[in-house]
Amino acid sequence: MEEADRILIHSLRQAGTAVPPEVQTLRAFTTELVVEAVVRCLRVINPDVGSGLSHLLPPAMSARFRLAMSLAQACMDLGYPLELGYQNFLYPSEPDLRDLLLFLAERLPSDASEDADQPAGDSAIFLRAIGSQIRDQLALPWVPPLLRTPKVQRLQGSALQQPFHSSRLVLPELNSSGELWEFQASPLLLPAPTQVPQLQGRAASLLEHHASQLCQHVNRDCPGDEDRVRWASRVPSQEDSRAPQQRLHKQLIEHLRQSWGPLGAPTQVRDLGEMLQTWGARAMTGVPKGSRFTHSEKFTFHLEPQVQAAQVADVPATSQRLEQDTRAAQEQELESLREQLASVNHNIEEVEADMKTLGINLVQVETECRQSELSVAEQEQALRLKSRTVELLPDGAANLAKLQLVVESSAQRLIHLASQWEKHRVPLLAEYRHLRRLQDCRELESSRRLAEIQELHHSVRAAAEEARRKEEVYKQLVSELETLPKDVSRLAYTQRILEIVGNIRKQKEEITKILSDTKELQKEINSLSGKLDRTFAVTDELVFKDAKKDDAVRKAYKYLAALHENCSQLIQTIEDTGTIMREVRDLEEQIETEMGKKTLSNLEKICEDYRALRQENAGLLGRVREA
Amino acid sequence: MELSESVQRGIQTLADPGSFDSNAFALLLRAAFQSLLDARADEAALDHPYLKQIDPVVLKHCHAAAATCILEAGKHQVDKSTLSTYLEDCKFDRERIELFCTEYQNNKNSLETLLGSIGRSLPHITDVSWRLEYQIKTNQLHKMYRPGYLVTLNVENNDSQSYPEINFSCNMEQLQDLVGKLKDASKSLERATQL
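Heads up: the protein sequence lines correspond to chains L and E, in order.
Just so we're aligned: 276 in UniProt numbering is position 276 of the first sequence, and the numbers increase by one with no gaps anywhere.
Just so we're aligned: 67 in UniProt numbering is position 67 of the second sequence, and the numbers increase by one with no gaps anywhere.
Treat the hints as calculated values from the structure; they're not laboratory data.
We put the CB at the ideal spot given by N, CA and C, even for glycine.
Incorrect hints may appear among the rest.
[As the list claims (entries may be wrong)] Examples of chain E residues lying across from chain L (beta carbon under 10 Å, computed):
#1 Glu2
#2 Ser6
#3 Ala32
#4 Ser81
#5 Arg96
#6 Lys143
#7 Met144
#8 Gly148
#9 Glu165
#10 Asn167
The shape of chain L in the complex, shown without the other chains (with noise of 0.2 Å):
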């Protein structure tokens, strides 16, 4: 039985119950600890009633009463085919509580068919990570922010975050030379890490550098997203924003210097700058955006000075006339200028034109110069020919003897020209052959060659990948392992197990031996039975045969028939003491398990209970009578 206790100790310290290591069997159990396991194992088998249990046993005798009370009611909802009262739960005896026990260790869910419910794979990898870092996390005291160390300060949020702001970070190119390398190598390039004076400001510059030029190796790759590259280079560098402010200033200045310039009225030169400041604050506020930005400044910048124009109008009233004065001589001359501007504009473009008509032109006499010249020498080619046939005229048959045989010649000459020709033609075409076969051939070899070698890959690519995922498998597998319970030893409960059955096996040996011994026992006895009977009708025959002729053996048979009669009765007396006697065994067990069930004391027990709970009641209304 000691097997059986450990082995249910072990379940129920699966579902949670705090069961000291010197408890070993259940006779140990305190009552604390039967409520404890009890209420362990009902909230893991139903979450909804066991949560409404307290697993502590209440100090107060009515209380108490009632949780046993519940905590037998759960029971009996589950099945629970046995008797089961309060008392079970408070006074357990040892069978009782093994048997209740066993029936909730049944009932616990089998951590088997949990594992084969989750799904496998990446997600569930996550998510139990993420599980265990919550886990770790809640595990964690609240710690005063005076107290925590770097690493409780980020979990609990007093650590000083700083936004993620990088700057552009300049790093020495492997393949530069000249000037630029004379830079790069020189002490005043600093490495690149200590460019940023802030440990985060350092982190989040060669992070958004990193990230950035894997951006622009991802666009070499695929071309279309270059919004992607330029929105990453251009989102977290702040010393964009502020050169086109500059640019702005710059241009703001220079515009004002131009108009203004002839002016020249010192007392506004301050209020000038003044202008320029608040500007430059205007376009401070007004950062990010570079495109449009700028248009909207070449708004501001046509519109400003007109504004400025009407306020200096005001301030200075007495040079004011002097002013109109120059101004007009100057819009005069101006306009003068303007017109000459745009004769010469206009009498450039009558040339221009005029020379595009000429230049077109040109290009057509050209190519009529040059069909003309094409004509001219096909003519002179035909009239060369025709020369010649007109100097062979005359004496008109021997010329065509004589060119027959300068055909006849050159015909023969041809023949065996053609002939040489085929003599040099046919091993070399034979040798262009053969080598093309052998080409084939080798290009054959190849190709086959080239499936091998991309076969090998593939299956190297996929002997890669399945190793990898063995490999995450087995780290699933090694996760899952450490979270397993150290204390099972399996081999151990498979070994008692087998040994138990063995031991079953041998006790059923002995019995069908006594079962065979008893048959044949009873075999014995039918045997000597019939025997018995026989031999007594034969006595009983020789003597009543006698009996009628002698007196003294009539007194004979008379004893026999009492003999026999006497002897059966002992029989069915040794035969009634032996049911008596198995009875009686009976009987004794019984008593031994009442006797087991401790009832007399239990029931003493209940009697103290009822009489605390009486006085409990008592108190309470003697407090509600006072009140």
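Given chain L's structure and the hints, the job is docking chain E onto it.
Quick look at chain E alone, frame taken from chain L:
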């Protein structure tokens, strides 16, 4: 973990025993970690006599590449085995991998703290106090007779070391709703831990 081409080239140069002998490698690695984690790390980290013999451009390039690699590894929370396989791919020998991994393992916590300190997060609620009020009437209603709750949340702010308070008032249903939501949240947290 994915590294850009230039960083990979830097790391591979770092792995090459012809460019960096083991002493120089250890020095450079340490310098890279220090430049990331120690604000007082000076620019003279690379002026060690051992490193003087190496081309300064290559040296700086490798330094930046090592720092980037470390940061990326920290960002992805790469464990030791993954890191070592990655370095193996970059042709590091066993000894250097060992050194890199131990340095990484030693500095992992501070690296995480550093990366964690970049960014923003919501303020943390550390305490709550509340007061019950009973509204008898308002400007609009003659008879009101309703309870209201004035709740003050004490909050820790991460961006600046300040402890502002958040005040709001709500009626009973809203408060119940809030409490129910909070319970839901804690329950789902617990459920997440039981996976």
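Results for each hint:
1. Nearest Cβ of chain L to the Cβ of E:Glu2: about 7 Å, under the 10 Å cut. The hint holds.
2. Hint on E:Ser6 holds. Least Cβ distance to chain L is approximately 6 Å, under the 10 Å limit.
3. Because the beta carbon of E:Ala32 sits about 8 Å from the nearest beta carbon in chain L, less than 10 Å, this interface hint is met.
4. Given hint, E:Ser81 at the interface with chain L, holds; its Cβ is 8 Å from that chain's nearest Cβ, closer than 10 Å.
5. The restraint placing E:Arg96 at the interface with chain L is violated, with a minimum CB-CB distance near 20 Å, outside the 10 Å limit.
6. At its closest, the beta carbon of E:Lys143 sits 36 Å from a beta carbon of chain L; the interface hint therefore is violated under the 10 Å criterion.
7. Evaluation of the E:Met144 hint against chain L yields a violated restraint, the C-beta minimum of about 36 Å exceeding 10 Å.
8. Violation of the interface hint for E:Gly148 is found here, the shortest Cβ-Cβ separation to chain L being roughly 29 Å, above the 10 Å cut-off.
9. The beta carbon of E:Glu165 is not positioned within 10 Å of any beta carbon in chain L (closest approach about 15 Å), and the interface hint is therefore violated.
10. A hinted interface residue such as E:Asn167 counts as satisfied when its beta carbon comes closer than 10 Å to some beta carbon of chain L; here the least separation is about 20 Å, so the hint is violated.
Of the numbered hints stated above, those contradicted by the structure are hints 5, 6, 7, 8, 9 and 10, listed in ascending order.
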